[in-house]
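Letter by letter, the chains look like this.
Number of protein chains: 2
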Amino acid sequence: MTLENGLSLKDEVQRMRAEVATQGERVRKLKKDGAVKAAIDTEVSTLSDLKAKLQQKEKQLEESTPLYTRCREPLENLVKRRLFVIPGFEIYGGVAGLFDFGPPGCALKAEVEALWRRHFVLHEDMLEVSGTCLTPEVVLKTSGHVDRFTDLMVKDTVTGECYRADKILEEQIEAKQKAGLPPDEHDRLEKLKVQADALSSEEMHQAFLDLGIKSPDGNGFSTPFPFNLMFKTSIGPKGDLVGYLRPETAQGIFVNFRRLLEFNGGKMPFAAAQLGLGFRNEIAPRSGLLRVREFQMGEIEHFVHPDHKEHPKFGAVKDMKLPLFPRDRQLGDGKVVMDMTLEHAVQTKVINNETLAYFLARTYLFLTKCGIQHVGMRFRQHLETEMAHYACDCWDCEIETSYGWVECVGHADRSAYDLSHHTKASKVDLVAQHKFDAPRDIEYVKFTPNRPKLGQAFKQDQAAVIEALEEKPDQERLHIQQQLDASGTYELKLCTGQSFTITKEMAKFEKAVKRVAVEAYVPAVIEPSFGIGRIIYCILEHTFRSRGIQDQEERCFLSLPPVIAPIKCSVLPISANTQFDDLINQLKEQLTYHGVSSQVDSTSASIGRRYARTDELGIPFGITVDFQSVKDSTVTLRERDSMKQIRVPAIEIPELVHNMVAGRTTWDKARDKYPEFIAQEA
Amino acid sequence: MTLENGLSLKDEVQRMRAEVATQGERVRKLKKDGAVKAAIDTEVSTLSDLKAKLQQKEKQLEESTPLYTRCREPLENLVKRRLFVIPGFEIYGGVAGLFDFGPPGCALKAEVEALWRRHFVLHEDMLEVSGTCLTPEVVLKTSGHVDRFTDLMVKDTVTGECYRADKILEEQIEAKQKAGLPPDEHDRLEKLKVQADALSSEEMHQAFLDLGIKSPDGNGFSTPFPFNLMFKTSIGPKGDLVGYLRPETAQGIFVNFRRLLEFNGGKMPFAAAQLGLGFRNEIAPRSGLLRVREFQMGEIEHFVHPDHKEHPKFGAVKDMKLPLFPRDRQLGDGKVVMDMTLEHAVQTKVINNETLAYFLARTYLFLTKCGIQHVGMRFRQHLETEMAHYACDCWDCEIETSYGWVECVGHADRSAYDLSHHTKASKVDLVAQHKFDAPRDIEYVKFTPNRPKLGQAFKQDQAAVIEALEEKPDQERLHIQQQLDASGTYELKLCTGQSFTITKEMAKFEKAVKRVAVEAYVPAVIEPSFGIGRIIYCILEHTFRSRGIQDQEERCFLSLPPVIAPIKCSVLPISANTQFDDLINQLKEQLTYHGVSSQVDSTSASIGRRYARTDELGIPFGITVDFQSVKDSTVTLRERDSMKQIRVPAIEIPELVHNMVAGRTTWDKARDKYPEFIAQEA
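Residue numbers (numbering that gives the first Met the number 0), protein chains in the order written: chain E, 0 to 681; chain A, 0 to 681.
No lab work stands behind these hints, which were simulated from the structure alone. In this text, a Cβ means the ideal position worked out from N, Cα and C, and glycines have one as well. One or more hints might be untrue.
Claimed, not checked - Here are some chain A residues pointing at chain E (derived, C-beta under 10 Å):
id	residue
1	E123
2	L126
3	E281
4	R285
5	K668
Said to hold, decoys possible - Below, a list of computed lysine to aspartate or glutamate pairs in the EDC-like style, where the Cα atoms sit at most 20 Å apart:
id	chain 1	residue 1	chain 2	residue 2
6	E	K312	A	E89
7	E	K312	A	E136
8	A	K237	E	D155
9	E	K587	A	D124
10	E	K426	A	E89
11	A	K237	E	E123
12	E	K368	E	E406
13	E	K266	A	D600
14	A	K79	E	D667
15	E	K231	A	E136
16	A	K231	E	E160
17	E	K423	A	E89
18	A	K237	E	D216
19	E	K140	A	D196
20	A	K312	E	E588
21	E	K492	E	E518
22	A	K140	E	E89
23	A	K587	E	E281
24	E	K237	A	E261
25	A	K231	E	D473
26	E	K237	A	D581
27	A	K237	E	D150
28	E	K237	A	D580
29	E	K237	A	D150
30	A	K237	E	E588
31	E	K237	A	D600
32	E	K79	A	E261
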């Protein structure tokens, strides 16, 4: 939704709120300065006008936004009532951040996973693996999670209640912005908000002081401190082997890299994939299904030569336009998501490489198949400050919901971080090899450290500095030399956060030649990582529809795409009469034979009420068996979204539904073939 | 394998070993007593004869046993080489009891789970749910796991190494038996061995003392003590909410019972099912995949009225003969598994009720579909002493492997244990209701406690005794009264292990009548519980086959049923020539369209070697594209087990393979339809 002046309606409302705030300030100042009444009255009247216009615009904004941004209450009602989701351990008062999937939720999850498997694993011939959740400490120490997988926490100094510092900060800023702020202050806090989850303890502490933030109970807060989000346990009877529940499934792939490469006949590039649970001991889980402590993930690790990140199938997606939200647009004024072709994005280096871009496209297609709307999807590049410790570029696919934009799929170029670190820690080489037909001379960039100078400058850090420089790939080595030549110095940043100034005298990088038969290299990893549970919640919001009020009740339904619908077809006899039993049993059996899940509802509720039930479950097709059916073996077939019905010979139904679910034919084609059936649903 | 004298070959070997031991004893005694040489020589000669016969019989036994009992080494070799399984965190030296599934293992697991879902969940319209692994302590305290989910552990007093006491005891007994024991002693120890996992700490301690058991390092052992097998962790940031990783998925269903019943429209009986992970912190995991610390389970909780355990579909399975191994045969001499019809088993109360029997049949059919052989399957009833704390009857489906008989599926009648305890602990009624059309007078058995007498006799235990008596169902109440009338007393056993003698004066049970509109009752639960990982290992052993030695290499393969094979079809060009590419791509695409997973192998290895590879992966069908194919668009289709090939138009292949995988047609029918193709594989 973009207005003529180029501002989105949302931004326009934001601007008007600031205007109201400034005007309010002006009135207060006049009053304080004891201005004449007439002058004050004029300004007050202007303020009233502005407020009225704002109110109108706010209403317009609400009505113009997609349904999913304002469906939370009726949707959560439906989701709980129809048992898509059950709060975990409800009878014991529940545990925050733990949810169970009831029958339709469980089936929906299974269908989304099956689609994920077909769309990614089978389509790309990926190697699917399944590792354990229990992970020994050494693995997660190596990956950096033991030291850095933390959120900043603050404690209410009186009640001891724990909070996530960044969430508290975000909320406080939003509250201040909503109450109205001068434009400068608004923008300053907006920038702070966007970077909230990347602040250091000290920066966070300063922000809390600056804004005078109090706890929800009005008490003071402790200084923010890092809290590790992994669940810790002990493996074995002796208590000496510390283990964690994996915070991501990726490490289980990295540690098996050598075996997987071997299984793949040594061929590169290749991808491995894993569907499985991840665990994060969230400090204060809220936002329903969006921030939970145990969640299903789907992760892909695409291993590739660090200098060859082209993708053979990029041509098939290069013309696709994706809603991109690059880094440099996020902190500026005119935050705008742009639809951009992937070819252009890669050419202009907005996206780092073809492989990363290829996966963004595949993710977009997957989510579209799941029913996520284009308007509520964007690919947001990570800010430098927020990038995970391992990543060299990262794009989140965010989906808009009633909770705002939610990260659902991360696409990180993790470079060689993980494999190099596991190689070092395990002493097992995790490398791929490229064998030449005959030994050949290859160019490389030789690094010659000047150890005395380095030692003098960096003392005990010398070894770390040399190691970091040794790890730089050829291209970057050349780049460093260029910088050294140009400015005399180069700033080396370590993953520990330390920074070192390298001077021209300390190191030399120059092109050289060596004779080799085999090139061994540590592959880079490009990782699309899916939060299946979050995606499911977004699917529910994006497919939520209302038919309006009927009989004093809002008739809502889920417009789930047939391919992921938990149940594909309902079978409803027009009345609870045993004469329908044979036909129903035959239908059910034939549907099962064709792999179509179905649900018979022969309760005595009216047919309309029964359809309302199946609509709430998102069942796309419904068969009604009526008295005519017994005579001529035809039944009606109803499509959920249009509520249109056609009359079809019972024997043809199972294959027809199967083909519509599999996407081999469409409802429109079926309507062309079979006569329409007119009936009232009430 | 049964000999004419009614003894199985195995028992015969056992008997002969005892004979050799007795004869050896006789020789030693003669020597010790200084008997004349001639007498000694005679007995020594008899001993030699006996030993020779034993050796011969032992060889016969080995050769007559199914392949799976002696395939461990080549199978484990295949399983690791083909990456069905990878030891967890191998590059870090591994963690005992943790395994990952590599690509074929992961696909096999997915197929077994999909079959489980179709065979149980869809076939019986069960409500599938998916709960969390993280479980708050209160739930597992209520279920009894916090207090009683333990194994007895012993520690080497010198090295501190930990062992499972029952496994050590079993091994020591087996070693002694193998070395030869007099029949009486053999039988006494056999009984001890069978009950090893049900001994109390004191009994175990006594057994260790009696047998003089030392640790494998020759040191003493600590006294056995219970070790809780749950992984403990802490949920949330404060550290005050203790949680465990669930040891079974069942509790996640019980706590949701009320919601599930509501979802089911209040209708009873019904079943809920769950596929998910379970965790047990095994003391000393060995036996490869059979005893692991994290494992996939499939559990079904069938809720039923405690007095109506008939099953509507029992008629469909009543004539099936299952290999039953009831309790009373396990401790006696002639341990024999009997094939018995389920109707007979239920009528004679060998199996407690129809529902339990029905599930045994469904399990048998499921495992048969998975390729488990009848000869290596038995249903063993739990001994009274080994029954889980909650169970009132329990049958394990055990599968024979190279490790012996392995429990793979438990079938427990958990009675109302779980629902009653969760009701008490959560104060939420977990009951089902039966509404009468009109209020009616119903007979029941009224319990009148004599509180003064009970108080006098049991003091502070009075309340527990009354509660226990109140919980008895009507039928048992009548039974108690009969016993009181007959003998004057009744022995009341509590689940705590305490026992109380109730006398005639203390309690009265009599038939009475009350007027009710609704009958509320706590349902009983019948639970089939599947260890998916164990079943997968058993499938691998049971489908392992050898074609004998070819080119100095044993050609082994997995005869996996097509329905669960990880990949359904291979596509092999006769040579690495680009002219085959089009046809191969078309085949691959059409196979995918028909939902058939496939693998193209266009490496330069010989066709025979490539088939050997696909055989090791258990791929049931193989398509070969040759030069003729390019001319007439026909290809050959090979079946793995028979290695026979037929010539089929390429366009008909995908549907043909799909139908064979789905069980809609067979290889034999395909052979009738298409001409045979004769070719050498080498």
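Results for each hint:
1. E123: Since the shortest Cβ distance to chain E is 12 Å, the answer is violated.
2. L126: Holds. Min distance 5 Å.
3. E281: holds, 8 Å
4. R285: Violated, because the Cβ-Cβ distance from R285/A to chain E comes to roughly 13 Å (cut-off 10 Å).
5. K668: Violated. Min distance 18 Å.
6. K312/E - E89/A: Cα-Cα ~34 Å, so violated.
7. K312/E - E136/A: violated, 51 Å
8. K237/A - D155/E: holds, 12 Å
9. K587/E - D124/A: holds, 11 Å
10. K426/E - E89/A: This hinted pair holds, its Cα atoms lying about 12 Å apart.
11. K237/A - E123/E: violated, 44 Å
12. K368/E - E406/E: holds, 18 Å
13. K266/E - D600/A: The hint holds at about 13 Å.
14. K79/A - D667/E: Between K79/A and D667/E the Cα gap is close to 51 Å, so the pair fails against 20 Å, i.e. violated.
15. K231/E - E136/A: Holds. K231/E to E136/A sits at ~16 Å (cutoff 20 Å).
16. K231/A - E160/E: Given that 20 Å is the threshold and the Cα spacing comes to 23 Å, the pair is violated.
17. K423/E - E89/A: holds, 15 Å
18. K237/A - D216/E: Between K237/A and D216/E the Cα gap is close to 18 Å, so the pair holds against 20 Å.
19. K140/E - D196/A: Judged against 20 Å, a Cα distance of about 38 Å means the pair is violated.
20. K312/A - E588/E: Holds. K312/A to E588/E sits at ~16 Å (cutoff 20 Å).
21. K492/E - E518/E: violated, 28 Å
22. K140/A - E89/E: holds, 16 Å
23. K587/A - E281/E: The hint is violated at about 44 Å.
24. K237/E - E261/A: The hint is violated at about 45 Å.
25. K231/A - D473/E: Measuring from Cα to Cα gives roughly 48 Å; hence the hint is violated.
26. K237/E - D581/A: violated, 60 Å
27. K237/A - D150/E: Answer holds: K237/A to D150/E is near 14 Å, not above 20 Å.
28. K237/E - D580/A: Answer violated: K237/E to D580/A is near 57 Å, above 20 Å.
29. K237/E - D150/A: Given that 20 Å is the threshold and the Cα spacing comes to 14 Å, the pair holds.
30. K237/A - E588/E: Roughly 53 Å separates the two Cα atoms, so the pair is violated.
31. K237/E - D600/A: violated, 47 Å
32. K79/E - E261/A: Status holds; Cα separation ~12 Å.
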